[in-house]
Amino acid sequence: MARGAGALSRGAGIAGAALALAMLALPLAAILRAAGGGVRPGPADLSALWFTLEQASLSAVLSVALAVPVARALARRRFAGRRLFITLTGAPFLLPVAVAVMGLLAVFGARGWLNAAAGTLGLGPWRIYGLHGVVLAHVFFNLPLAVRILLQGWQAIPAERFRLAATLGLPPGQVFRLLEWPMLRQAVPGALAAIFAICLGSFSVALILGGGPAATTLELAIYQAFLFDFDLGRAAVLALMQAGLVAGAAALSLWLTRMDGSGSGLDRAGQRRDAPGGWRRGADALWLVLAGLFVVLPLVALVLKGLPGLVDLPARTWPAVGNSLLVSLGCAALTVTLAGALSAPMARWAEGVGLMPLALSSLVLGTGIFLILNPVMPPARAALPVTLLVNVLMALPFCLRVLAPAWARAEVDHGRLADQLGLRGLARLRWLILPRIRGPLGFAAGIAAALSMGDLGVITLFGTEDRETLPLLMYRLMGAYRTEAAWGAALVLLGLSFGIFWIFDRMGGRDA
Amino acid sequence: MPEQDGLHLKRVELMQGDFRLSADFALGAGARVAVLGPSGAGKSTLLGAIAGFLDPVAGQILWDGARIDRLAPGARPVAMLFQDGNLFPHLNLMRNLALGISSRGRVDAAARARIERALERVGLDGMAQRRPAELSGGQQSRAALARVLVQARPLMLLDEPFAALGPALRAEMLALVAELQAETGATLLMVSHDPKDAERIADQIVLVDEGRAAPPAPTAALLADPPPGLRRYLGDG
Amino acid sequence: MKHLALATGCLLATQAVAETPVLNVYTYESFTSEWGPGPQIEAGFEAQCGCDVVFTGVGDGAALLSRVRLEGARSEADVVVGLDTALMARARETGLFAPTEASAGYDLPIAWEDPDFVPFDWGYFAFVGEAGAEHPTSFEALADSDLSIVIQDPRSSTPGLGLLMWVKAAYGDRASEIWDGLADNILTVTPGWSEAYGLFLDGEADLVLSYTTSPAYHIIAEGDDSKVALPFDEGHYMQVEIAGRLAASDQPELAEQFLQYLLGAEAQGVLPETNWMYPAVLPEGGLAEGFQQIVTPDKALLLEAGEAEALREEALAEWRAALAR
Chain A
0 MARGAGALSR GAGIAGAALA LAMLALPLAA ILRAAGGGVR PGPADLSALW FTLEQASLSA
60 VLSVALAVPV ARALARRRFA GRRLFITLTG APFLLPVAVA VMGLLAVFGA RGWLNAAAGT
120 LGLGPWRIYG LHGVVLAHVF FNLPLAVRIL LQGWQAIPAE RFRLAATLGL PPGQVFRLLE
180 WPMLRQAVPG ALAAIFAICL GSFSVALILG GGPAATTLEL AIYQAFLFDF DLGRAAVLAL
240 MQAGLVAGAA ALSLWLTRMD GSGSGLDRAG QRRDAPGGWR RGADALWLVL AGLFVVLPLV
300 ALVLKGLPGL VDLPARTWPA VGNSLLVSLG CAALTVTLAG ALSAPMARWA EGVGLMPLAL
360 SSLVLGTGIF LILNPVMPPA RAALPVTLLV NVLMALPFCL RVLAPAWARA EVDHGRLADQ
420 LGLRGLARLR WLILPRIRGP LGFAAGIAAA LSMGDLGVIT LFGTEDRETL PLLMYRLMGA
480 YRTEAAWGAA LVLLGLSFGI FWIFDRMGGR DA
Chain B
0 MPEQDGLHLK RVELMQGDFR LSADFALGAG ARVAVLGPSG AGKSTLLGAI AGFLDPVAGQ
60 ILWDGARIDR LAPGARPVAM LFQDGNLFPH LNLMRNLALG ISSRGRVDAA ARARIERALE
120 RVGLDGMAQR RPAELSGGQQ SRAALARVLV QARPLMLLDE PFAALGPALR AEMLALVAEL
180 QAETGATLLM VSHDPKDAER IADQIVLVDE GRAAPPAPTA ALLADPPPGL RRYLGDG
Chain C
0 MKHLALATGC LLATQAVAET PVLNVYTYES FTSEWGPGPQ IEAGFEAQCG CDVVFTGVGD
60 GAALLSRVRL EGARSEADVV VGLDTALMAR ARETGLFAPT EASAGYDLPI AWEDPDFVPF
120 DWGYFAFVGE AGAEHPTSFE ALADSDLSIV IQDPRSSTPG LGLLMWVKAA YGDRASEIWD
180 GLADNILTVT PGWSEAYGLF LDGEADLVLS YTTSPAYHII AEGDDSKVAL PFDEGHYMQV
240 EIAGRLAASD QPELAEQFLQ YLLGAEAQGV LPETNWMYPA VLPEGGLAEG FQQIVTPDKA
300 LLLEAGEAEA LREEALAEWR AALAR
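Residue numbers (numbering that gives the first Met the number 0), protein chains in the order written: chain A, 0 to 511; chain B, 0 to 236; chain C, 0 to 324.
Heads up, a few of these hints could be off.
Now the in silico label distances, taken between C-beta atoms and shown as ranges [what the hints assert, rightly or not]:
| id | chain 1 | residue 1 | chain 2 | residue 2 | range |
| --- | --- | --- | --- | --- | --- |
| 1 | A | 321 | C | 225 | 31 to 41 Å |
| 2 | A | 498 | C | 49 | 39 to 49 Å |
| 3 | C | 225 | A | 129 | 23 to 33 Å |
| 4 | A | 9 | B | 17 | 48 to 58 Å |
| 5 | B | 128 | A | 28 | 50 to 60 Å |
| 6 | C | 316 | A | 129 | 42 to 52 Å |
| 7 | C | 144 | A | 321 | 41 to 51 Å |
| 8 | A | 24 | C | 283 | 54 to 64 Å |
| 9 | A | 129 | C | 180 | 18 to 28 Å |
| 10 | B | 57 | A | 424 | 26 to 36 Å |
Computed list of lysine to aspartate or glutamate pairs in EDC-like fashion (alpha-carbon distance at most 20 Å, straight line) [stated by the list, open to error]:
| id | chain 1 | residue 1 | chain 2 | residue 2 |
| --- | --- | --- | --- | --- |
| 11 | B | 9 | B | 23 |
| 12 | A | 304 | C | 106 |
| 13 | B | 9 | B | 54 |
| 14 | A | 304 | C | 201 |
| 15 | B | 195 | B | 224 |
| 16 | C | 298 | C | 106 |
Covered stretches of chain B, as calculated for chain A (at least 3 residues, CB under 8 Å) [claimed, not checked]:
| id | segment |
| --- | --- |
| 17 | 26-33 |
| 18 | 63-75 |
| 19 | 180-190 |
Think of the hints as simulated: they come from the structure by calculation, not from any bench.
Virtual Cβ for every residue (Gly too), placed ideally from N, Cα, C.
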């Protein structure tokens with residue numbers, strides 16, 4: 000291991016890990032303490048556990064399996080609008096869940112475009128509600144994430160390697176076996192684990208599209224235990240079950256993932272001349288068109304539905320936009336700092352800790368923090384800071400997933416030279432790490448900002464006096480029968496989330 | 000052996016997995032030494048240990064009588080060129096060289112002047128704003144040498160940085176190294192595959208073979224009457 | 000003299016601001032939103048109490064009760080507005096609420112006598128659909144039809160729980176059978192009212208579980224009379240929304256005054272066209288025209304709070320068993 004990365008990085012890592020662990024463990028402990036211990040899960044909880052596992056596994060496998068051909072096509076083809084394509088297809092991941100579900104329904108629902116088209120052909124109607132609907136929505140949300148993770152993997156293979164393969168005239172099968180498979184072996188487990196963990200926490204999607212109580216996830220059971228039964232002990236036990244699942248998935252993925260530097264390139268813009276032609280060219284194009292339509296059509300539906308509502312937006316939309324921006328930018332800054340600290344030691348324990356927040360629902364976190372704050376101050380006054388804190392924790396795993404490999408690669412590829420030059424601490428950060436991870440850094444900040452922008456999260460639990468965020472405004476409009484204006488607010492939210500992500504990603508500068 | 004100026008490897012034992020290498024010799028200040036030996040014999044390992052990338056399991060490494068084997072690579076009196084990756088691809092030459100002067104990367108007027116002089120010295124005048132990818136292979140090697148020049152360390156370690164260059168270009172680089180060494184008076188330790196390279200600029204040879212780095216011997220004498228290990232390597236059987 | 004008076008006035012005013020008592024009111028999110036009754040009630044009560052009313056909005060009714068329980072005796076809240084009859088037994092059990100003297104001549108379909116809580120508005124649950132079509136007039140007819148319905152989850156929403164109680168109150172031991180029949184009509188189950196109503200407005204389902212008063216919103220606010228509530232022969236289950244004051248409040252008199260204000264003509268006049276429910280006390284001039292056009296059930300159903308609470312587990316199990324196929 001490089002010496003220069005030594006003490007300071009380890010220190011940052013330990014501090015970051017301690018902070019993240021404390022922010023996770025303390026709330027859970029507070030709930031258990033308030034509950035006076037846990038209770039045994041009942042049969043309904045076990046069936047929720049089973050359904051949770053089933054939908055999360057299916058969603059993860061399907062998202063990643065579909066992402067492989069799409070990411071490969073994006074990696075080896077160059078076409079006009081490719082960058083825009085990559086950015087646009089990233090949008091679903093950044094959308095607030097309820098908004099995205101409405102977009103999906105506009106395409107796949109009973110009166111959706113798909114059924115309308117099928118109707119003219121004398122087919123259908125097709126019902127979206129059920130396990131397949133839940134999985135469809137999860138793939139919609141997570142396919143972009145999987146594509147981005149895999150695309151980064153592809154782009155991390157030095158262009159020189161593909162050039163070599165082209166020189167040797169290796170057939171596509173060989174290129175896959177020699178260059179792509181080793182990369183996939185490294186990237187896929189992480190992508191699977193991340194998506195699996197995200198889907199474990201699914202609540203609204205599973206409930207709205209699941210079609211009934213058979214589609215009860217652990218998260219819904221937790222929600223019910225908290226808000227309806229006020230059974231803190233049961234909620235805490237369910238939360239622990241969920242945490243156990245995520246920890247298991249994270250451990251498995253770390254165990255399967257191999258970290259290697261596949262050699263440093265010279266940062267030459269990779270014009271890939273080795274991409275196979277013929278039917279493979281057509282297949283790549285088909286994948287891109289299908290994935291593009293799948294992801295973009297619901298967005299188009301959202302825009303069409305939202306436009307008329309823009310005129311109905313109340314004046315308080317703008318302060319809400321301000322509040323949301325504040326939370327979002329704060330979340331981006333704090334999350335990348337924490338993710339950086341956890342990336343620095345380049346150790347699995349640090350990465351593992353960074354994935355832990357996936358395991359706890361924001362409801363559990365929020366309630367725990369609430370219980371901690373309550374004796375000290377009225378929790379409603381801390382609504383925005385706590386929202387920020389919870390958002391940081393929720394975004395951390397994704398940012399870490401993006402930053403840690405880039406950090407490690409920078410060290411593997413150039414750490415020796417930095418050591419030779421005596422680069423340490425902040426100088427190493429400034430001259431080696433930051434320039435090398437700029438792309439992933441911008442991407443990570445964009446994810447954190449957008450996720451936090453669309454999150455309604457704990458603000459509903461903490462309640463609000465005057466500080467209203469945009470998602471909250473949207474829900475309030477929906478709750479007041481003002482569906483049209485709510486669509487308008489959703490469109491503003493979509494634009495903001497997407498815009499802020501785009502700006503950060505652009506600042507990172509690198510392609511994907 | 001009394002403590003002396005220059006580099007001193009005192010009963011140094013190196014270990015990497017199953018691989019072992021021992022070295023016990025001294026080099027006078029200003030010496031020009033080629034490290035020869037078969038592939039995989041441990042030439043790079045030896046240089047890596049001197050530069051601080053591998054801790055000896057036993058023995059000491061001294062420079063001018065002071066132990067350096069506990070120091071971080073950047074704190075040693077060493078400037079080293081690797082087989083590749085000698086420049087940060089994301090920084091232009093000015094920044095790359097500036098890091099050789101100050102590890103904080105500060106560039107004041109004096110540093111700027113020094114960098115420009117060094118670039119001029121290696122024939123890259125006016126290219127300070129370019130990034131490595133905008134240079135040819137030979138130019139990249141020159142830029143790396145310019146960085147060694149501004150680092151101004153008394154010990155220069157070259158781990159075949161020119162292996163990828165063509166024969167004419169490589170000869171040109173070696174000539175440049177010889178000139179720079181003569182100007183700075185640094186001690187030069189250079190891994191090489193080619194006895195001709197050694198003949199060209201080294202006055203001594205360290206032969207690395209069968210787990211041992213032999214003490215330096217005069218180049219001419221050694222090549223005229225090679226010991227069995229070297230003979231095997233040279234392939235004149 | 001004038002100047003002096005003005006200056007004194009200012010001085011008194013600033014002092015008044017500094018010493019203005021604060022009344023903290025917890026309610027559900029949509030009550031306190033710009034379109035809810037919150038802002039007008041806040042302004043109205045502040046005009047007469049010389050106090051500062053601070054509304055805190057928390058999710059829905061169920062979340063509201065959990066919030067109060069989480070905070071316990073430390074709660075800053077003086078008054079809680081927006082629990083309902085289904086939550087009342089659990090709310091009383093917490094021991095956090097204090098008895099109230101506030102009362103009025105209620106215009107409720109049932110007699111109201113409760114020491115701790117006052118009813119401020121109410122409504123009937125009903126399925127809402129498009130006008131003009133032939134609609135079923137009972138749960139059994141609905142189950143026999145091939146109409147699709149969206150309902151809310153009784154485990155996370157008060158209307159969802161209301162439907163559960165509706166079926167239980169109307170059919171008792173046959174509830175499970177009714178749910179079996181409805182299972183194939185239920186398109187999906189949403190976490191809350193907003194999502195379900197949104198799905199209905201988007202045309203995903205033929206009917207949605209809402210209130211008989213929902214069409215009044217469309218008539219009055221949008222001039223749209225295309226939505227109707229379906230009258231059911233079994234009668235309609237009621238939701239009575241209630242308010243109470245907390246025992247640990249540091250403003251017990253103000254809290255008491257506020258509850259009385261909530262039952263007064265001014266606040267009651269605000270509720271119908273902001274909360275889209277019937278007021279607990281009918282205004283003298285009657286309700287707006289839009290409320291006259293909507294259906295009025297012949298028969299009101301409501302289980303007594305303790306009984307509803309006792310039946311909840313069993314009803315939930317029946318519901319889950321019927322729908323979890």
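Numbers of the earlier hints that this structure fails to satisfy, in rising order: 4, 6, 12, 17 and 19
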